[in-house]
Amino acid sequence: MKSHTAIGIQDLVKYYKGSDTPALNGVSLEVPEGEIFGLLGPNGAGKTTTISILCGILSPNRGSVNILGFDQSRNMQEIRHVIGVVPQDIALYSTLTARENLKFIGNMYGIRGKKLNDRIDECLDLMGLEKSADRQVKTYSGGMKRRINLIAGILHRPKVLFLDEPTVGIDVQSRAVIIDYLKQINQEGATIVYTSHMMQEAEKLCSSIAIIDYGKIIAQGRPAELIGSKAGYTDLENIFLHLTGRHLRDN
Amino acid sequence: MYRLLASIRKELILLARDWAGLSLLFVMPVFLIIVMTLIQDITFRKIDEARLTVIFMDLDQDTLGTSIRRGLQENGFFDLAAPPESGSREENVVRQLVADGEYQIGLVIRQGASERIRERGYAFVRRTMLGEEGVSDSTSLQQAEIILYFDPVIKKSFRESIRTALEVFTTRLESRILYSALSEEMERLMPGMTMPDPAGSGAISIEEIYATNPENEIVPNSVQHNVPAWTIFAMFFIVIPLTGNLVKERESGTGIRLKMMPGNYLHVMGSKVTVYLLVCVLQMVLMFMVGIFLMPFLGMPALNLGAHLPAILLMGLTIGMAATGYGVLIGTVATTHEQAATFGSVSVIILAALGGLWVPVFMMPKLMQSVSDISPLHWGLEGFYRIFLHGEGLSGIWTYALLLSLFFVASMTIGYVYNQIRNTR
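Top to bottom, those sequences are chains A and B.
For the numbering used here, add 5 to where a residue sits in the first sequence, where the first one is 1.
For the numbering used here, add 783 to where a residue sits in the second sequence, where the first one is 1.
One thing to keep in mind: the hints can contain errors.
Unchecked claim - According to the in silico footprint, chain A covers these stretches of chain B (three or more CB under 8 Å from chain A):
| # | segment |
| --- | --- |
| 1 | 790-801 |
| 2 | 1025-1039 |
| 3 | 1042-1050 |
Said to hold, decoys possible - Pairs of lysine to any residue residues, derived as SDA-like cross-links and limited to a Cα-Cα distance of at most 25 Å, are as follows:
| # | chain 1 | residue 1 | chain 2 | residue 2 |
| --- | --- | --- | --- | --- |
| 4 | A | Lys22 | B | Thr1118 |
| 5 | B | Lys1031 | A | Gln15 |
| 6 | B | Lys1031 | B | Asn1206 |
Said to hold, decoys possible - Computed Cβ-Cβ distance ranges for the label pairs, DEER-style:
| # | chain 1 | residue 1 | chain 2 | residue 2 | range |
| --- | --- | --- | --- | --- | --- |
| 7 | B | Ser1188 | A | Asp76 | 50 to 58 Å |
| 8 | A | Arg117 | B | Leu1177 | 38 to 46 Å |
| 9 | B | Ile822 | A | Met81 | 54 to 62 Å |
| 10 | B | Trp802 | A | Gln15 | 24 to 32 Å |
Source of the hints: derived by calculation from the structure; they are not laboratory data.
Virtual Cβ for every residue (Gly too), placed ideally from N, Cα, C.
Make the full structure from the sequences, and use the hints.
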């Protein structure tokens, strides 16, 4: 049974072992289909924990997750087929070539043969990696690794794509290619959930934003709505600092 | 099935590009079995092939010295070397040569040793047969003196072997002197009567037979013992690259990607077990080929596989399963590469020692013998020995194959449960 809500989260609570402070403390969210949803927050606020629970890597202590009508507690295998994930770390085998990595990942999603080869060529071409497709990933630059990491997440054309700081630490050109491509796949119908520390990037890219701090959603809305909610603030970064404070955060 | 095949293909490529891992899996074990077989060869050779050189000084220059010299030369244990011509005839020369490490054993027959044995022999006969008063008790007479010098590093077994040999020669000599004295007294008391020579009567014969399957034609030797034993050790060392693979996957984030993709634990671990099990079987084939084809070039006997190839294959498979299962368990529980590599290698060495790879289990203390029963390397070793030394087939090894299979199932199950628990944290 599918709905127009891509992602529904109800009252998520997560405690890590050995910690009496919750990483997530009653998070509830609703992301409509077709959105580029930005989940912003300082270090240790709960962004990666939320994404990890949505992808099925972590189990919550309490709460429920629903993705494209599938209840995560019962339909994780189905959910895995319709979501794509671009993790913060480069989650690829460094001694395999880009093409070998993508073939393996495609095969795991049940894509094979010519269809897979064509799709790999298409993605490599879009990301400007076609000439280095047969080089081992360990020989890639940081920007190239980020781009191939993105391809690994979208190869199977997911309906919901999770990105955990996909543009961190890369050159301007690689960032532009990634951002343009995210807009493109969003226009093709994919819902995107995106975490970042880059407020300007989020302001331009996201259609909707939630700010999380200390495991709780403290603000949510369209970027313009959030900026306009406080008099005198002109950009998302100022609002973010206003809501989360200027004191330094550690993970 | 297609996902499993894709995972297997990925694992094969990863392994093929890991040159350090491959050398650990194939090259090091070949060196290991060659070195261990050659080193341990001495303990399996016929005694006359394992000679030890003894520095020999005969200050007696009489029957005892001559007899011991001839006896040692004939029995084949030892080569005799004389002290340097220019050196002093003092026995300290021998002591110094051994102390300097030039020889491991020095033997000095002190002056008058033969005469003292004779004195004791004649005294014994005269007192016993004639009851002569005034004849000294043989035990109160001075003893013949033989001095043995040993290098402190020499093993007790070598010390015992030369001591036993000397005791045999001196006992024979004493008997001969006693017999001679007895003959002379008999001749004196009953002229014309001669006693027959008992030498070489051979009242006892000793035959050596290996207690194995009557149809077994395999002759136990260093190769038959060591190649299967160290093959098991090498197969278990697969835990190092396998645990490295698992920990690296977890640390690099690829493990997280695997969790996010369709597929399950069976695909992930099934592919690793399949590939590393294949490696184990290839290792076994390589080691046995070294035993068959290379060992003869090194002056060793060729490995005799016997007539039970299915049994060898079953043992190889189940040992490989136990090794990969153990690797998966350690790789799952360990949190760092260093932890996995250190614990993996040290634990395999401990299990090998407990399993009887270095010291046979029957020579261990009772407690350690009981403990050795829980080592999967012991089950593998016993299974291989049933085939390679006893000439037995499937019926002789099935219990060991079953134990190894159960160890695999237990390791995989514990690994799976641990992984599930960790995922919920």
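Need the list of violated hint numbers for this structure, in ascending order.
5, 7, 10
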